[in-house]
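> When you get a sec, could you build the whole thing from the sequences and use the hints?
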Amino acid sequence: MNKPPFNPYIAIVIGVLSVSTAAVFVKLAATAPASIIALYRLLFAVLLMAPFVLTKHRKEFKSITNKDWILSIAAGVFLAFHFILWFESLNYTSVASSVVLVTLQPIFAFIGTFLFFKERFTVGAILSMLIAITGSVVISWGDFQISGLALLGDILALLGAMMVTGYFLLGQTVRKRLPLVTYTFVVYGISTITLFIYNIILQNPFYGYPSQYWMIFLALAIIPTFLGHTLFNWSLKWLSTSTISMSIVFEPVGASLLAYVILGETLSWSQWLGGVIVIVGLSLFIYSTSKKSKQISIKEDI
Numbered sequence: 198m199n200k201p202p203f204n205p206y207i208a209i210v211i212g213v214l215s216v217s218t219a220a221v222f223v224k225l226a227a228t229a230p231a232s233i234i235a236l237y238r239l240l241f242a243v244l245l246m247a248p249f250v251l252t253k254h255r256k257e258f259k260s261i262t263n264k265d266w267i268l269s270i271a272a273g274v275f276l277a278f279h280f281i282l283w284f285e286s287l288n289y290t291s292v293a294s295s296v297v298l299v300t301l302q303p304i305f306a307f308i309g310t311f312l313f314f315k316e317r318f319t320v321g322a323i324l325s326m327l328i329a330i331t332g333s334v335v336i337s338w339g340d341f342q343i344s345g346l347a348l349l350g351d352i353l354a355l356l357g358a359m360m361v362t363g364y365f366l367l368g369q370t371v372r373k374r375l376p377l378v379t380y381t382f383v384v385y386g387i388s389t390i391t392l393f394i395y396n397i398i399l400q401n402p403f404y405g406y407p408s409q410y411w412m413i414f415l416a417l418a419i420i421p422t423f424l425g426h427t428l429f430n431w432s433l434k435w436l437s438t439s440t441i442s443m444s445i446v447f448e449p450v451g452a453s454l455l456a457y458v459i460l461g462e463t464l465s466w467s468q469w470l471g472g473v474i475v476i477v478g479l480s481l482f483i484y485s486t487s488k489k490s491k492q493i494s495i496k497e498d499i
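Per this note's numbering, the sequence shown starts with residue 198, numbered consecutively.
Hints were generated in silico from the structure; no laboratory data involved.
Some hints could be false.
[Claimed, not checked] In silico DSS-like links for lysine-lysine, alpha-carbon gap of 25 Å or less:
{"#": "1", "residue 1": "K434", "residue 2": "K264"}
{"#": "2", "residue 1": "K264", "residue 2": "K253"}
{"#": "3", "residue 1": "K434", "residue 2": "K253"}
{"#": "4", "residue 1": "K373", "residue 2": "K256"}
{"#": "5", "residue 1": "K373", "residue 2": "K224"}
{"#": "6", "residue 1": "K253", "residue 2": "K373"}
{"#": "7", "residue 1": "K373", "residue 2": "K259"}
{"#": "8", "residue 1": "K434", "residue 2": "K373"}
Here it is as structure tokens:
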């Protein structure tokens, strides 16, 4: 294998910091509806991708089967509602709680593979799942002591994790047959249409937001969506999937630090304790499953 142009571990650090900005950007545009923030994040991403995809990958659309279109449409709908639920959760709970709970996605994914694909768990995977779930209970219990609305935010974040799991499970077979860029463009496009219809139904205004909000929408499309995950995908050439997955577990750490510096958010004892337990549980879970399966997905929406 050729020597990488620069240290892939540096790319991973930059990638984690990039995806960690998503929740903070959403908080900075808090007066805009969550579904509007999600719409413009994906719309700008699609518009930025369009020239490249339509010139370099246009012929690949002809090879998409009817079954793959159905799966891609379903995946796009799940991704849209992942963003709606996750962004909405940030209106009620802290960045730390929300991001930690959304990061539980790998556990929901393996539960899904167990239910639908009869994937077997090792004892280590089961124990590590229980540890991570215990951490989420600690966070939710602590937030409930603070406010019932904070607990609502935690529940929305967990539902968002379930939705992104559906997105991964529906799309995993399509991604094997389509280049990642083409598949991502299709799914982002479907998600954009879904969010457009959703906002029409709710009668959310599509314009009239402060000028800095439009910069935030664009930043969401560029920094966590492209810069973060582009670096993760590039690093896969030099590092293992399990290494990438392990690094993404530390997204809540980056998000919490950014929330402290930019938003002035502090952590309660339950968020500290629960967050550490979740990160330990997820780390053990990914380690115990990485040798058994190579299908642990990288988080592509946060």
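> With reference to the structure, classify each hint as holding or not holding.
For each hint, the structure was consulted:
no.: 1; hint: K434 <-> K264; verdict: violated, 30 Å
no.: 2; hint: K264 <-> K253; verdict: holds, 24 Å
no.: 3; hint: K434 <-> K253; verdict: holds, 21 Å
no.: 4; hint: K373 <-> K256; verdict: holds, 17 Å
no.: 5; hint: K373 <-> K224; verdict: violated, 35 Å
no.: 6; hint: K253 <-> K373; verdict: holds, 19 Å
no.: 7; hint: K373 <-> K259; verdict: holds, 16 Å
no.: 8; hint: K434 <-> K373; verdict: holds, 17 Å
Hints 1 and 5 from the list above are not met by this structure, while the remaining hints are.
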